[in-house]
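Chemist: Given next are the chains, with one letter for each unit.
Protein chains: 2
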Amino acid sequence: MAATSTGAGSIRARVRAEMTDEIKTIARRHLAADGANLSLRAVARDMGMVSSALYRYFASRDDLLTELIIDGYDAMGEVAEAADAAVKDRADLAGRWIAVAVALRHWAVAHPAEYALLYGSPVPGYVAPQATVGPATRPVLVLGAILADAHASGLLASETSPPAPPLPRALRPEVRRAAGAVAAGLPEQAMARGLIAWTELFGAISFDVFDRLKNTIDERSAWFEYQTRCMVEYLGLTDAAPRGGQPAHRGTRTPRGASRPRG
Amino acid sequence: MAATSTGAGSIRARVRAEMTDEIKTIARRHLAADGANLSLRAVARDMGMVSSALYRYFASRDDLLTELIIDGYDAMGEVAEAADAAVKDRADLAGRWIAVAVALRHWAVAHPAEYALLYGSPVPGYVAPQATVGPATRPVLVLGAILADAHASGLLASETSPPAPPLPRALRPEVRRAAGAVAAGLPEQAMARGLIAWTELFGAISFDVFDRLKNTIDERSAWFEYQTRCMVEYLGLTDAAPRGGQPAHRGTRTPRGASRPRG
DNA sequence: CGCAGTCAAGAGCACTGCTCTCGGATGTGT
DNA sequence: ACACATCCGAGAGCAGTGCTCTTGACTGCG
Chain A
1108 MAATSTGAGS IRARVRAEMT DEIKTIARRH LAADGANLSL RAVARDMGMV
1158 SSALYRYFAS RDDLLTELII DGYDAMGEVA EAADAAVKDR ADLAGRWIAV
1208 AVALRHWAVA HPAEYALLYG SPVPGYVAPQ ATVGPATRPV LVLGAILADA
1258 HASGLLASET SPPAPPLPRA LRPEVRRAAG AVAAGLPEQA MARGLIAWTE
1308 LFGAISFDVF DRLKNTIDER SAWFEYQTRC MVEYLGLTDA APRGGQPAHR
1358 GTRTPRGASR PRG
Chain B
1108 MAATSTGAGS IRARVRAEMT DEIKTIARRH LAADGANLSL RAVARDMGMV
1158 SSALYRYFAS RDDLLTELII DGYDAMGEVA EAADAAVKDR ADLAGRWIAV
1208 AVALRHWAVA HPAEYALLYG SPVPGYVAPQ ATVGPATRPV LVLGAILADA
1258 HASGLLASET SPPAPPLPRA LRPEVRRAAG AVAAGLPEQA MARGLIAWTE
1308 LFGAISFDVF DRLKNTIDER SAWFEYQTRC MVEYLGLTDA APRGGQPAHR
1358 GTRTPRGASR PRG
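Chains A and B are the protein sequences, given in the same order. The numbering used here numbers the first residue of the first sequence as 1108 and each following residue consecutively. The numbering used here numbers the first residue of the second sequence as 1108 and each following residue consecutively.
Accuracy of the hints is not assured; some may be wrong.
The list makes no distinction among identical chains, and a pair is therefore deemed to hold if it is satisfied within one copy or across any two copies.
Claimed, not checked - Straight-line alpha carbon distances no greater than 25 Å define the calculated DMTMM-like cross-link-like pairs of lysine to aspartate or glutamate that follow:
{"hint": "1", "residue 1": "1321", "residue 2": "1178"}
{"hint": "2", "residue 1": "1321", "residue 2": "1281"}
{"hint": "3", "residue 1": "1131", "residue 2": "1188"}
{"hint": "4", "residue 1": "1131", "residue 2": "1170"}
{"hint": "5", "residue 1": "1195", "residue 2": "1326"}
{"hint": "6", "residue 1": "1321", "residue 2": "1181"}
{"hint": "7", "residue 1": "1321", "residue 2": "1185"}
{"hint": "8", "residue 1": "1195", "residue 2": "1141"}
{"hint": "9", "residue 1": "1321", "residue 2": "1153"}
{"hint": "10", "residue 1": "1195", "residue 2": "1340"}
Calculated from the structure, these hints are not laboratory results.
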């Protein structure tokens, strides 16, 4: 915009972008190693620079964190989308939900510090800027789309099972609005169940990543998948499995490919 | 212990205990104000002391944190136990579970920083010492007792509803062991459901405390109670209350008065 | 070629956890 | 009542942090 040097493809702009990326990469490495408290000086040392030089690229430590957070949400969103897309039978809603859940957990345990940044306790002075809310919704949208597809098939638990406790009147508008944002046309009751499953999902991932199941459950992966299957059944997605006589907890037969690493 | 000065009831010991308490109180205040990163120097300033003097009372910052964590678990445990005990109709299992859940959430939103310390992302360099595991189980035990009582009444969902997905063989010993520690005699299937409800509960509290529902659900209390009611139904605790024409989700008021309140 | 714009370095401020030493106060045993 | 052992607070100091500001060098573009 300055019309002089910093043209879009200018050399300076290119090396600057490379520097920015390298800083973020090293910062991620430090994040993974030392946990949440990221030291700018340490990052600078690793880059062979002096700490003040970093401020040419990031206005503050919080700015760096913000970019890392956005990248994290995007990574999770991408992982979720890829896992969903990898399920060939689009009508296998249980398989899709499980694949997404497993992929999200997989990413989380592989990047615990970044996950903590996204879904753990908020860092003290930091307030998430508006720029983070968009990426933050990406993983949710994937799950919402599955629910929407399930609803389109008319197979959700809320529509086939005995009704859950009725939604208090005060909640109905908000839940309806949430449904509109995430899964258009989804009835309130189904959206409520979806929110509960979403809560359970991230509760489970957090318990896993933060090691809250120590001395209780060691078979983490198996437990997580079982848990997810239970919630899938709670949502009623298993009824959607087209083939086979019995509905119920049929979701177990999800092809192993569901959890395969994204291509 | 040296047999000379520090007798159990000595004056020095008393004032020392008072100082320790005051330090912890001020530390809690700072924790609530500034978030997770607790500054020893700031605490010392507030006490009109110099930072090094604090080291007479706590070997390190982590030591202080440990004590705060233990206190926190104890506080939550106490809150949970009190909430459970306050339900006069011991047979109203749904009411008891809901009361405990609501009390836990209430404490959590009233002490967000302490809750984050207990259930949020682990603080970087800190590893929880063994002394914390005992208190940490207190809240869980309260919920486990409710499940055990429900099982004694033979009213759990796993025993009355169609079966959930079968527990993989690899998980069964661990789940059985967990059941033994928390709710003696509870069958595996019921324990699995309990673990899921527990996961959902703390997922919900964390979402609430960490403000992850911003712009989605504003009626936090109503949403939390609804959510809890759904999980109570999932557990099958509502079956303990004979549902008349009036809604079953009224859990707090259960007509069937039976067993004696325990001491 | 010269200038504008960019960048890294360095010094410095205020802050942190923590260590160590040095006096003064205090309670206890003789 | 005196002396000793203990405890406690203050202060200085070390190594580290985020961040600011100034200075000097480099460099791509007109």
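Chemist: Would you mind marking each hint as holding or not holding in the structure?
Modeler: Hints, verified against the model:
Within a single copy, residue 1321 and residue 1178 get their C-alpha atoms only as close as 30 Å, which misses the 25 Å cut-off; across copies the closest is 21 Å, which meets it. For the identical chains of this complex, residue 1321 and residue 1281 are inter-copy neighbours only, at 11 Å across copies versus 37 Å inside a copy, given an alpha-carbon limit of 25 Å. With identical chains, the CA atoms of residue 1131 and residue 1188 are at most 25 Å apart within one copy only, with a shortest distance of 24 Å there and 47 Å across copies. When the C-alpha separation of residue 1131 and residue 1170 is checked against a cutoff of 25 Å, the pair qualifies only within one copy, where the shortest distance is 11 Å, while the shortest distance between copies is 33 Å.
Taking the closest pair of Cα atoms, residue 1195 and residue 1326 never come within 25 Å of each other, the shortest separation being 28 Å inside a single copy and 39 Å across copies. For the homomeric pair residue 1321 and residue 1181, the shortest alpha-carbon distance between copies (19 Å) is at most 25 Å, but the shortest distance inside one copy (30 Å) is not. Taking the shortest alpha-carbon separations for residue 1321 and residue 1185, only the inter-copy value of 23 Å comes in at or below 25 Å, while the best intra-copy value is 30 Å. For the identical chains of this complex, residue 1195 and residue 1141 are neighbours neither inside a copy (40 Å) nor across copies (49 Å), given an alpha-carbon limit of 25 Å.
In this homomeric assembly, residue 1321 and residue 1153 never come within 25 Å of each other (Cα to Cα): the closest approach is 34 Å inside a single copy and 37 Å across copies. In the homo-oligomer, the alpha carbons of residue 1195 and residue 1340 lie at most 25 Å apart inside one protomer (21 Å), although the nearest pairing across protomers, at 34 Å, exceeds that limit.
Violation of the numbered hints given earlier is confined to hints 5, 8 and 9; the remaining hints are satisfied by the structure.
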